[in-house]
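Residues in the first sequence are numbered from 1 upward in steps of one, following the UniProt record's numbering.
Because the hints were derived from the structure by calculation, they are not lab data.
A quick note: this is a predicted structure, and the numbers were derived from the prediction, not measured.
Mixed in with the good hints there might be a few duds.
To be verified - 25 Å max Cα-Cα, derived DSS-like pairs, lysine-lysine:
| hint | residue 1 | residue 2 |
| --- | --- | --- |
| 1 | 175 | 163 |
| 2 | 567 | 592 |
| 3 | 592 | 602 |
| 4 | 876 | 602 |
| 5 | 268 | 206 |
| 6 | 567 | 556 |
| 7 | 592 | 540 |
| 8 | 755 | 741 |
| 9 | 741 | 567 |
| 10 | 849 | 876 |
| 11 | 567 | 557 |
| 12 | 268 | 58 |
| 13 | 163 | 210 |
| 14 | 71 | 244 |
| 15 | 554 | 540 |
| 16 | 602 | 556 |
| 17 | 567 | 540 |
| 18 | 559 | 602 |
| 19 | 175 | 206 |
| 20 | 202 | 175 |
| 21 | 210 | 229 |
| 22 | 714 | 567 |
| 23 | 559 | 540 |
| 24 | 755 | 696 |
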Amino acid sequence: MGRVTTSQPRLLLIDGHSMAFRAFYALPAENFSTSGGQHTNAVYGFLSMLANILTEEKPDFVAVAFDVGRKTFRTEVFPEYKAQREAAPEEFRGQVELIREVLETLGITTLSRDNFEADDIVATLSTQAGADYETFLVTGDRDYLQLVDDSTTVLYPMRGVSKLHRFTPEAVEEKYGLSPEQYPDFAALRGDPSDNLPSVPKVGEKTATKWIAQYGSLDGLIEHAEEIKGVAGQNFRDRIEQVKLNRQLTQMVTDMDLEVGPADLGFKVAVSSEVAARFDELEFGTNLRERVLNAVPHDAAAEAAAAEEAPDVSVTVVDTPLAEWLEDKEHVAVFVQGDGTPGAGDAAALALVDSSFEGLQIELADLDAADDAALAAWLESDAPKYLHEAKAAWHMLSGRGIELQGIAHDTALAAYLLRPGQRTYALTDVYQRHLQKSLGAATEQLSLLDDNQLVEQAGAIMELAAELTSQLQEIDSFELYTDLELPLVSILARMEAAGIAVDRDVLETQRDAFIEQVNEQERAARELAGDDSLNLNSPKQLQAVLFETFDMPKTKKTKTGYSTAAKEIEQLAATHPHPFLDHLLAHREYQKMKTTLEGLIKTIQPDGRIHTTFNQTVTSTGRLSSTEPNLQNIPVRTEAGRQIRSAFVVGEGYETLITADYSQIEMRVMAHLSADPGLIEAYREGEDLHNYVGSKVFDVPVDEVTPELRRRVKAMSYGLVYGLSAYGLSQQLGIPAREAKEIMESYFERFGGVKRYLDEVVVQARKDGYTSTVFGRRRYLPELNSDNRVARENAERAALNAPIQGTAADIIKVAMIRVDKALEGMASRVLLQVHDELVVEVAPGETEKVQSILEREMDKAIELTVPLEVSVGEGKNWDAAAH
DNA sequence: CGTGTAACGTA
DNA sequence: CGTACGTTACACGA
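Let the sequences and hints guide you as you build the complete structure.
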């Protein structure tokens with residue numbers, strides 16, 4: 001609007017490093033980083049700026065130039081050139097490479113050349129463009145002002161990167177009192193601390209401007225050097241050679257031999273799915289992605305234009321009677337709306353869409369008896385149904401007395417297997433992620449519902465089912481999906497619906513006891529601190545008491561001060577005993593127990609049972625997670641903790657609880673994956689693993705492995721599964737780093753297969769971009785190739801752990817399916833899964849049978865090179881059933 | 001009121 | 001400077 005359009009093509013040249021750096025300092029690094037620790041603030045800021053400029057300037061040709069390293073022809077002439085610059089901050093590392101990758105994905109040319117700076121590339125291209133192009137140079141480096149002319153404008157960031165100042169010849173003149181050609185003369189004379197170019201004493205910006213203006217150029221000034229009076233004049237005469245060198249360095253190279261010219265810098269058409277994948281990797285939202293994508297030519301542009309007229313999902317709503325419509329449908333996408341709370345769900349409305357995208361939308365309250373019965377019968381039949389988050393739908397329908405069967409697709413699960421570790425798998429997000437189309441979320445309130453809103457959701461599920469199926473097949477994960485994750489959906493739904501019985505009285509009695517204890521510890525601690533309103537839960541207040549009132553030695557630093565974690569307090573108590581510390585630690589434990597108990601009591605439903613939700617799409621490794629409440633972290637290690645466990649009891653009509661767990665499953669998976677002969681032998685011989693490993697590592701007979709040695713070996717064995725370092729081991733064991741290193745070396749010497757495996761896993765993952773479990777479950781770890789050391793090492797440890805933890809997760813999922821099948825026809829039922837443990841509620845008379853089913857089916861879940869070991873316990877409550 | 005951090009429970 | 005989670009409470013900024 002308002003811009004004079006010329007017939008000339010528009011050329012945009014960006015100094016990539018310069019602008020990345022500006023972006024880096026414009027946005028706080030700590031607010032932009034991926035879950036793996038790679039900072040992305042410069043990437044984000046750069047792309048945001050790029051989107052703005054592209055939209056504003058609408059260039060026909062674009063290139064972004066980058067420096068290659070520090071060494072250039074300039075440093076050869078003048079080794080001090082830019083030598084004072086410190087290494088870029090750690091947080092900046094890797095971001096330039098990420099920017100280049102995104103630019104390439106966007107179809108924008110990037111250029112760099114050994115021995116030259118980005119300046120020279122830009123200067124050469126802009127010179128080649130001459131008057132034939134309207135050229136825009138984007139940079140935070142004022143040396144570029146020498147390139148400004150009638151057809152070349154420099155866009156220079158003023159504050160942050162959002163406001164760009166336009167330097168035309170007039171603007172340069174106005175700001176510096178010099179012409180663009182005079183600018184490099186001025187810069188050479190003034191010197192430049194940022195490039196480490198020396199200045200002339202007594203000659204600053206003012207004098208430099210005056211002299212250059214007076215004599216027209218540096219050459220003119222040098223010719224008349226003898227005329228200049230005063231100390232400044234003498235200083236200049238003394239340093240003419242340095243100034244000449246400055247001028248030489250400031251001069252940009254305008255005649256590089258580049259393999260491309262301005263006309264070669266057109267956009268390549270960006271593939272929006274690839275752009276989406278890049279942005280997902282960087283964990284950027286869809287907002288920036290849309291802005292950037294819309295600023296460049298891309299494949300979905302045509303679709304998007306069409307989409308403005310027609311909705312993305314195109315479904316025909318019909319008014320065929322329900323029962324008739326359902327006849328001989330092969331597959332149907334189902335979208336259910338309602339409340340998916342386990343044990344308390346309800347369905348309000350649903351939509352059905354068939355494979356020809358013909359659909360119905362039904363409010364359940366409106367159905368007549370015949371249709372109601374037909375619908376229920378169909379939902380409970382084996383007829384294949386495609387859903388998104390089928391477990392929630394199961395609970396909704398369960399509220400209407402319908403037990404959903406025939407779950408043939410769950411597009412949330414499919415999306416999870418394709419891209420684990422995403423923050424959300426909501427239908428609209430998955431739709432956007434995998435089909436690059438947008439879908440409005442359905443209104444939750446029934447009264448506000450459009451006539452076809454639910455049908456659109458079901459249509460999206462139908463579309464996604466086809467797309468995700470082929471994507472899963474491409475990565476050989478379709479069987480994992482159909483044979484493992486999908487069958488688990490209804491098993492988990494039934495577990496959640498069953499819930500686990502608790503003894504409310506026991507929980508409340510325990511809670512009251514802990515309240516007493518908490519109050520007592522709090523009173524004592526407040527008295528000692530001399531502050532009767534001290535909040536022991538406030539790290540801030542605690543720091544004040546510990547390090548100011550009591551003046552104790554400082555603990556480990558945290559972001560907000562000094563740590564008040566139990567571990568640190570314990571250390572403090574060991575070196576500086578103080579009753580306040582004892583009360584504090586006691587308070588911590590009781591307080592934790594108290595809140596755990598209060599949380600649990602709140603979640604008891606009217607049936608006297610707690611119904612957790614198992615999430616199947618949360619973890620990046622393949623484990624389940626448990627929420628509302630989390631029943632996978634109920635205390636067990638302390639006596640007080642076991643008391644809480646004892647409140648989880650066998651329900652009415654049932655006889656007992658059985659728990660069955662895999663012993664050392666991750667170590668066994670490690671033995672299998674590493675194929676280490678030593679570990680395999682230990683398990684095959686049925687040795688106590690840690691004693692066996694201890695005897696090898698410390699070179700003593702098995703029966704001479706002391707408890708202390710065993711403890712160290714155990715810590716190390718488990719640590720290795722997590723990517724433990726020698727330093728970490730020394731910290732955990734409280735031994736010198738040297739000693740820890742020796743133990744690890746000795747371990748790797750005796751168990752070379754483990755060492756080889758762990759190294760290999762990272763190498764392979766770096767090459768592939770992902771790790772795989774025995775069952776083919778992938779975890780993508782792009783940050784293995786990050787330049788950011790912290791991010792990269794985090795990813796390496798994740799790569800070590802993912803195949804092991806993930807395979808163990810796969811195994812127990814297989815076991816759950818087998819156990820569920822074996823329990824068919826019996827009244828006993830699985831209630832909980834805690835990663836390597838199943839909790840079963842046993843009906844009268846079925847104890848022995850259930851026990852043998854668990855032992856058999858869990859054992860047969862997979863055949864590894866080492867045996868699995870399942871241990872089973874039985875009792876009236878969860879604690880008593882432990883073993 | 002929502003968001004981030006510290007702390008701490010589990011496998 | 002050991003992986004994977006969820007919940008609680010506090011502190012802070014909109």
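Flag every earlier hint the structure violates by its number, smallest first.
5, 13, 16 and 18
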